[in-house]
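Going letter by letter, the sequence shown gives residues -4 to 235 in our numbering.
Don't take every hint at face value.
As the list claims (entries may be wrong) - DSS-like cross-link-like pairs, simulated, lysine-lysine; straight-line CA separation at most 27 Å: (1) 11 / 143; (2) 19 / 187; (3) 143 / 19; (4) 19 / 181; (5) 143 / 184; (6) 178 / 203; (7) 169 / 19; (8) 169 / 143; (9) 143 / 187; (10) 184 / 19; (11) 11 / 181; (12) 184 / 169; (13) 19 / 178; (14) 19 / 203; (15) 11 / 169.
Just so you know, these hints were derived from the structure itself, not from any lab.
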Amino acid sequence: MRKLSAGLFYIFCDEKYLADGGNKRFLTGHIALPQDAWNSISPTHRELLEPSGMSRLARIERLLADYDGIGLINFADVSANLLLRGERDSTGDISGMSRMDSIWSVTIALGIAQTLARLMNRGLQVENADVYYDTREIKEQHRQALSKTVIRTLAEVIKQAVREGYSHRGNTPKVRRFLDIPKAPKGNKPNKFQSGIAVAHVLLQNWKHIFEHGATGNLDVHNSSEDVANYLSHFKIIVK
């Protein structure tokens, strides 16, 4: 029997936006696997190049099933009246960022928390997670603000889960890292982090199929629309 990671997981994330008139759907894809398992997988498996004769989505399902992993698509439907042009959000520790980025940061945080919950619900020991996401082309100050929002939202969600008794065997997982990773330069082989984010990207490419067929095996979908609306109420809106 393969030895499981001692509570250490990677979570790889990617994002996608869908427009419907003035409304928007924010989707974040999350792939979580034990760190020692992901580190031991061959590059061809990490890059979804095998097994042969299978779709890339089927290869993701096989990968997750073989290595105690979870794939999750988290989404939030946001109405047009929350997406007015020029709005910026502010809190005591974040001077201001665009409403689009506020929604992204909260959606991805809720998706990470839901991913951790699903790992624990499977009876896995989850102590620490290192999270990696696709680089966003923003200024460094803005990047730090996004990171603060994600970490703060995660802390609130995890505390609430503990209060409500959802934490597995009293375990409270912690996110040790939340880092952006640039794509591999054209013609270069991706490293293990870039490969993980690419898997999350493929997961999101197949969102319609996953939504239509529902949760299957190690893949799941979560609707965070109401939670995102509640978290947005914490921000002070600055109109510029």
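Do the hints match the structure? See the list:
no.	hint	in the structure
1	11 / 143	21 Å, holds
2	19 / 187	32 Å, violated
3	143 / 19	24 Å, holds
4	19 / 181	31 Å, violated
5	143 / 184	31 Å, violated
6	178 / 203	25 Å, holds
7	169 / 19	31 Å, violated
8	169 / 143	15 Å, holds
9	143 / 187	25 Å, holds
10	184 / 19	34 Å, violated
11	11 / 181	22 Å, holds
12	184 / 169	31 Å, violated
13	19 / 178	26 Å, holds
14	19 / 203	16 Å, holds
15	11 / 169	26 Å, holds
Hints 2, 4, 5, 7, 10, 12, counting from the list given before, are not met by this structure.
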